[in-house]
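Q: Protein chains in written order, with the numbering used here: chain R, 1 to 137; chain W, 138 to 274; chain H, 275 to 411.
Please note that a few of the clues may not be correct.
Looking from chain R toward chain W, a few residues come up when the C-beta cut is under 10 Å (computed) [stated by the list, open to error]: (1) S14; (2) D47; (3) A74; (4) H75; (5) V134.
In the BS3-like style, the derived pairs of lysine-lysine whose C-alpha atoms are separated by at most 25 Å in a straight line are [stated by the list, open to error]: (6) H:K327 x R:K6; (7) R:K88 x R:K6; (8) R:K53 x R:K6; (9) W:K143 x R:K6; (10) W:K143 x H:K280; (11) H:K280 x H:K362.
Because the hints were derived from the structure by calculation, they are not lab data.
Beta carbons: idealized from backbone N, C-alpha and C, even for Gly.
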Amino acid sequence: MDEQDKPISLVLFSGTDDKLTAAAVLAVGAAAMGRPVNVFLQYYALDAFRNGKVTQDHSLSPEASESQAPIVRAHNSQHWSDLLRQAKDVGEVNIQACALSMDMFGIGREDLDPIVDGIEGVAAFIASAGDGQVVFI
Amino acid sequence: MDEQDKPISLVLFSGTDDKLTAAAVLAVGAAAMGRPVNVFLQYYALDAFRNGKVTQDHSLSPEASESQAPIVRAHNSQHWSDLLRQAKDVGEVNIQACALSMDMFGIGREDLDPIVDGIEGVAAFIASAGDGQVVFI
Amino acid sequence: MDEQDKPISLVLFSGTDDKLTAAAVLAVGAAAMGRPVNVFLQYYALDAFRNGKVTQDHSLSPEASESQAPIVRAHNSQHWSDLLRQAKDVGEVNIQACALSMDMFGIGREDLDPIVDGIEGVAAFIASAGDGQVVFI
C-alpha cells in the first residue's frame with residue numbers, strides 16, 4: 001500500500017474551540033494531500049458535536065492566558081465545523097462518535113450534528129486506523 | 138512485518154481520570170485487536186500510578202465544565218486500572234515508567250503500583266515504539 | 275525505506291513548560307536514535323517560541339495540583355530550549371512555525387527565536403511527516 005493511501009486518524013477528546021480548530025486544520029490539510037481521514041469523537045469533543053451546540057462558544061484550553069485568549073478569539077478564521085465540511089468536500093473524511101462516550105452522555109444518533117457519519121466502538125476505530133497515524137487531541 | 142504486528146505506543150502525560158480512562162480504553166481496544174501496546178508514564182500520569190494512589194480521585198481535565206463534570210464522574214464504567222489489567226489479560230501490554238519523571242518525583246520502583254512493569258528511558262521507549270503509532274495523551 | 279529513516283513529527287500546541295519539556299525530551303531521544311524530527315509550532319506553543327520569551331516562565335499544565343507543581347518546577351532538568359538545541363546537535367531536527375498561527379498572532383519571522391528554522395503551512399507539514407509518527411502535544 002502506498003504511504004499516501006494510509007489514513008490519518010484523529011481521536012478528538014478535547015472540546016475547546018482552539019483544539020477543535022487545530023484538529024480541523026489538520027483534517028483539511030491531510031484531506032487536501034489525498035489522505036483518508038478518520039475522526040473519532042470522545043468526551044468533551046463529542047459533546048461539542050451535539051445538535052445545536054456546534055457553533056456555540058466552547059471556550060478555550062484552560063492554559064490560554066489573559067493576554068492570549070482575546071487574540072485567539074479574535075482570529076478571523078473559519079469555524080472548525082466549516083473546516084471539517086470543507087475537508088469532507090475535498091477528500092475522504094469519516095467522522096464517528098465513540099459508542100462509549102455516547103453511552104456516557106446518554107444520547108443517541110439523533111442528538112448529533114449531521115456532520116457526524118455514525119457511531120462506532122474503539123475496536124472498529126483501531127481497525128480503521130490500520131497502521132496509519134493516530135493523533136490524540 | 139505485518140501491520141497488525143506493529144505496536145501502538147501511548148505516552149501518558151496527563152493524570153486525570155478522564156484522560157487515563159480514554160487511554161485505557163484505547164489500550165484495551167488495541168490489545169483486543171491483537172496489537173502489542175506500550176505505555177510510557179510521565180509527569181502527572183506517573184504520579185497517578187504510585188502505590189496506593191491508583192484508585193484515588195485524580196480529578197478531571199480542567200476543561201470539564203460544571204455541566205459536564207458530574208456526567209463524566211457518574212458514568213458507570215470500569216476504573217482505568219481495571220481496564221489496563223483487562224488489556225494485559227487479553228494481549229501484550231507493557232507499562233513502563235519514564236526514568237526522568239521517576240527522578241523528578243524522587244521515587245523508586247517500590248513506590249509504583251504493581252501494574253507497572255518497569256522503568257525505562259525515552260530512548261528505550263522510542264526503540265520499542267519502532268514505526269508503530271505513538272499517541273501522546 | 276528503513277523504518278529508522280522515517281521522521282517523527284511533533285505538533286506542539288501547548289505552551290506550558292511541562293509539556294514543552296516532555297516534547298523536547300521526545301525530540302532528543304528520537305534524534306539520538308537517528309530519527310529525523312519535525313516540530314510544528316501552533317497556538318500557545320508558537321507563542322512560547324517568540325523572541326525573548328523562550329526562557330520566561332510559561333507556567334504548567336492547568337491540571338498540575340498544588341502538591342505537584344512545586345515538584346515539577348523544582349526539578350533540576352535542562353530547559354526545553356536547551357534540550358531542543360541539543361537535539362539539533364545530535365540529529366536532524368527541523369522546527370517550523372505554523373503559518374496560520376503566525377497570522378493569528380500577527381507576527382513575522384523576525385519575532386521568532388532563532389531556534390525556529392522557518393514557517394510553513396499545514397499541507398507542507400503533513401507532506402514532511404510522510405507516514406512517520408505524528409504526535410500532538
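Q: Hints first: check each against the structure and report whether it holds.
A: For each hint, the structure was consulted:
1. S14: holds (6 Å)
2. D47: Holds. Min distance 6 Å.
3. A74: violated (21 Å)
4. H75: violated (19 Å)
5. V134: Holds - the Cβ of V134 (chain R) comes within 10 Å of chain W, reaching about 4 Å at its closest.
6. H:K327 x R:K6: violated (38 Å)
7. R:K88 x R:K6: holds (17 Å)
8. R:K53 x R:K6: With Cα atoms ~32 Å apart, K53 (chain R) and K6 (chain R) exceed 25 Å; violated.
9. W:K143 x R:K6: holds (15 Å)
10. W:K143 x H:K280: At roughly 15 Å apart (the allowed maximum being 25 Å), K280 (chain H) and K143 (chain W) satisfy the hint.
11. H:K280 x H:K362: holds (17 Å)
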